[in-house]
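Peer 1: So the chains spell out like this:
Number of protein chains: 2
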Amino acid sequence: MRGVSIVGIGSTPFGVLEDQSLKSMAVTAANEAIGDAGVDPKEIEALYVGNFISGFLAGQATIAPQIADLLGLKKEIACTSVEGACCSGGIALRHGYFLVASGMAERVLVVGVEKMTHAPTAKNTEGLALAMDHETSEGKSGLTFPGFFALVAQRHMHEFGTTPEHLARVAFKNRRNGARNSFARFREEVSLEDITNSRAISDPLRLFDCCPIADGASAVLLCPTEQAGKFTDAPVEIVGSAQTTGYNSLYNTPSSTTLDATVLAGRQAFEMAGIGPEEVDVVELHDCFTIAEIVDGEDLGFFEKGQGGFAVAEGLTQVDGKIPINPSGGLLSKGHPVGATGVGQVYEVVKQLRGSHENQVTDAKIGLTHNLGATGQVCTVHILRRV
Amino acid sequence: MRGVSIVGIGSTPFGVLEDQSLKSMAVTAANEAIGDAGVDPKEIEALYVGNFISGFLAGQATIAPQIADLLGLKKEIACTSVEGACCSGGIALRHGYFLVASGMAERVLVVGVEKMTHAPTAKNTEGLALAMDHETSEGKSGLTFPGFFALVAQRHMHEFGTTPEHLARVAFKNRRNGARNSFARFREEVSLEDITNSRAISDPLRLFDCCPIADGASAVLLCPTEQAGKFTDAPVEIVGSAQTTGYNSLYNTPSSTTLDATVLAGRQAFEMAGIGPEEVDVVELHDCFTIAEIVDGEDLGFFEKGQGGFAVAEGLTQVDGKIPINPSGGLLSKGHPVGATGVGQVYEVVKQLRGSHENQVTDAKIGLTHNLGATGQVCTVHILRRV
Numbered sequence: 002m003r004g005v006s007i008v009g010i011g012s013t014p015f016g017v018l019e020d021q022s023l024k025s026m027a028v029t030a031a032n033e034a035i036g037d038a039g040v041d042p043k044e045i046e047a048l049y050v051g052n053f054i055s056g057f058l059a060g061q062a063t064i065a066p067q068i069a070d071l072l073g074l075k076k077e078i079a080c081t082s083v084e085g086a087c088c089s090g091g092i093a094l095r096h097g098y099f100l101v102a103s104g105m106a107e108r109v110l111v112v113g114v115e116k117m118t119h120a121p122t123a124k125n126t127e128g129l130a131l132a133m134d135h136e137t138s139e140g141k142s143g144l145t146f147p148g149f150f151a152l153v154a155q156r157h158m159h160e161f162g163t164t165p166e167h168l169a170r171v172a173f174k175n176r177r178n179g180a181r182n183s184f185a186r187f188r189e190e191v192s193l194e195d196i197t198n199s200r201a202i203s204d205p206l207r208l209f210d211c212c213p214i215a216d217g218a219s220a221v222l223l224c225p226t227e228q229a230g231k232f233t234d235a236p237v238e239i240v241g242s243a244q245t246t247g248y249n250s251l252y253n254t255p256s257s258t259t260l261d262a263t264v265l266a267g268r269q270a271f272e273m274a275g276i277g278p279e280e281v282d283v284v285e286l287h288d289c290f291t292i293a294e295i296v297d298g299e300d301l302g303f304f305e306k307g308q309g310g311f312a313v314a315e316g317l318t319q320v321d322g323k324i325p326i327n328p329s330g331g332l333l334s335k336g337h338p339v340g341a342t343g344v345g346q347v348y349e350v351v352k353q354l355r356g357s358h359e360n361q362v363t364d365a366k367i368g369l370t371h372n373l374g375a376t377g378q379v380c381t382v383h384i385l386r387r388v
Numbered sequence: 002m003r004g005v006s007i008v009g010i011g012s013t014p015f016g017v018l019e020d021q022s023l024k025s026m027a028v029t030a031a032n033e034a035i036g037d038a039g040v041d042p043k044e045i046e047a048l049y050v051g052n053f054i055s056g057f058l059a060g061q062a063t064i065a066p067q068i069a070d071l072l073g074l075k076k077e078i079a080c081t082s083v084e085g086a087c088c089s090g091g092i093a094l095r096h097g098y099f100l101v102a103s104g105m106a107e108r109v110l111v112v113g114v115e116k117m118t119h120a121p122t123a124k125n126t127e128g129l130a131l132a133m134d135h136e137t138s139e140g141k142s143g144l145t146f147p148g149f150f151a152l153v154a155q156r157h158m159h160e161f162g163t164t165p166e167h168l169a170r171v172a173f174k175n176r177r178n179g180a181r182n183s184f185a186r187f188r189e190e191v192s193l194e195d196i197t198n199s200r201a202i203s204d205p206l207r208l209f210d211c212c213p214i215a216d217g218a219s220a221v222l223l224c225p226t227e228q229a230g231k232f233t234d235a236p237v238e239i240v241g242s243a244q245t246t247g248y249n250s251l252y253n254t255p256s257s258t259t260l261d262a263t264v265l266a267g268r269q270a271f272e273m274a275g276i277g278p279e280e281v282d283v284v285e286l287h288d289c290f291t292i293a294e295i296v297d298g299e300d301l302g303f304f305e306k307g308q309g310g311f312a313v314a315e316g317l318t319q320v321d322g323k324i325p326i327n328p329s330g331g332l333l334s335k336g337h338p339v340g341a342t343g344v345g346q347v348y349e350v351v352k353q354l355r356g357s358h359e360n361q362v363t364d365a366k367i368g369l370t371h372n373l374g375a376t377g378q379v380c381t382v383h384i385l386r387r388v
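First to last, the protein sequences are chains L and U. The opening position of the first sequence corresponds to residue 2 in our numbering, with each subsequent residue numbered one higher. The opening position of the second sequence corresponds to residue 2 in our numbering, with each subsequent residue numbered one higher.
Here chain L stands alone, though its shape is the one from the complex:
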């Protein structure tokens, strides 16, 4: 196992990109990453594309080889689409990492992409819900993701005293962060009052507790750390990488306030990196709902179980707080183009570690990304370090 570094990054903004197709977004992000690294596309030895549901939503499947063809990559290489619901992007990165770490490839391109906003809301809701387990009670009974995370929130409030205001504080912070990130879908701050008065979606979750769909693509280019200096003055090394599996349904999980896949992935990634949560300077984690940010922060070890809501209320997760979480605005403000999200998080953290983020965390050296799929069925965690 050799060191792997990110030497190129690229991204479209996340939002309503009416003029861009699924593939044009992927090509834009990929070409930016390739250009950022200054790599000849013919040197790329593999492509991974993270995508959840382009066939269902955008009428286009099998996009990895199609994107490769548009980029002019070599035909001798493997170009693979991976799917793990909202974790698809993280899985793509994990596979690119593996290929370079194992010595099987020298230059690997990783892209995450999703096109969603052209489709009606009902179609998006149906599409997203395809990731639930439809053979057991939950999917069959019509439970969708807002309902799932509302159940998690209800239990978290019951067990730990988390309040609706704690949830609102997450949305408030991430809206404020998003306002400072030109890649975010939502660029306006929202008052706590507007958040707590917004319409109910699934009690206790209100409109601002839920992340928006979006169009978008992000890309990174990987190479062995020992070669990174050839491509960039600011390489970022992947020092921890983990992918784990969770339970199919809430009803058979040991606890409904912990997502085990996150706990296991965090533990593996920290062990691999040889550091603990206290050494992390900046985090982009999977805040598909406000309660998810609270649960994720606890499951990753940044806070004791049950303390996540209180930590937000104390300001600990602000960009100038003890452990800045989602300075990008997170899924809640930046938006959630499902397959792109996991790579987009890495794009954001690399910018932080390069010191060039619009909402910069002072002197960030170590960052963590956490990407979660479906009802916690699949999770990736990556730890990144400025070289």
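Please keep in mind that the hints were generated in silico from the structure rather than gathered at the bench. A portion of the hints provided could be inaccurate.
Repeated chains share a single entry, so a pair holds when one copy, or any two copies, can fit it.
The calculated lysine to aspartate or glutamate pairs, modelled on EDC-like cross-linking and capped at a C-alpha distance of 16 Å, are [said to hold, decoys possible]:
1. K141 to E194
2. K76 to D261
3. K76 to E19
4. K76 to D321
5. K366 to D204
6. K366 to E166
7. K75 to D261
8. K141 to E238
As the structure is a prediction and not an experimental result, all values here were calculated from the model.
Given the structure of chain L, go ahead and fit chain U onto it with the hints provided.
Peer 2: Then chain U, alone, in the frame of chain L:
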């Protein structure tokens, strides 16, 4: 890079499996492979699932972690769905192979699965066509796969003198083979006359020139070759493995009678195995249409370009011929549960190399599987050898 062997195989029959769900088929095949190897499920270190379109057709996405949960695999491991249209199964195998070959895992489970026959024909046609490139002329203009391969056939006939009878001979052979394989969807021989008189689908392709959709799942269990003896008396080593990329559309390929991704994948796999086509004893290749079997056989180097049709007519590809192709019945008779096909081919070849196939090729020692996605956009070739 260390040697990787297949020590367990399992499969459902391919066909109309009304009583089985997508996941129940996957679990059946996987448990059979696990049992065949005698491996403790808790020892499995990764799962790859090849699936094309379960979200669109079967209303269930994100199936890799869900199958893992049903199988009782460990939560610490990565369970990943890969998609490359009709090549999804081959891509899954390729990734399992990589993980073991690189030393990153000791036991890896690979599953291919698709559920199709419950859905109306129009929905299946629409679903399959999602793999075409819909941003250029072909997908947009309404071209589907029978039309694509009819164009290939027309050009092949024009350039090389391939005849409708050559095509019919492929169907005739594969129907006869399928009649001897209890895992095949179609179990009855069909006369040449019935084949050539069957209704036109897309000139020159007739009904029997086209493979049927099917439900089905297949699975294999991989471990390092040096440990294979612990699990089986008849290990089969993967001595060649390749995955390549083709062109998005027929109109921009250098030739419409050659699928370059196949040529490149075959070349890579043979080079890795250190053998040539003449040393292969049995082949399962991607005969989605009769013309595809002819083109694939040429592209893999079993026949000169243009000679594939004549070779079939001479009986060279029969089970007792010089190079037996698709003794399983192939996609044409066994059926094509899209995501399962690539793993199903390996299931068939392993049975051949174990000497236990119902349509056994005498003393088969080396086998080859060829799995093709979309309009030749992605291809895998694996070469297997009896240890």
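Peer 1: Compare the structure with each hint and give your call.
Peer 2: The hints, checked one at a time:
1. K141 to E194: So K141 and E194 fail the 16 Å test inside a copy (36 Å) and across (48 Å) alike.
2. K76 to D261: between (40 Å within a copy, 8 Å between copies)
3. K76 to E19: Classified as neither; 31 Å inside a copy, 40 Å across copies.
4. K76 to D321: This pair counts as neither: shortest intra-copy Cα distance 47 Å, inter-copy 35 Å.
5. K366 to D204: neither (39 Å within a copy, 63 Å between copies)
6. K366 to E166: neither (32 Å within a copy, 69 Å between copies)
7. K75 to D261: between (40 Å within a copy, 12 Å between copies)
8. K141 to E238: Intra 43 Å, inter 42 Å, cutoff 16 Å: neither.
Hint violations for this structure: numbers 1, 3, 4, 5, 6, 8, all remaining hints satisfied.
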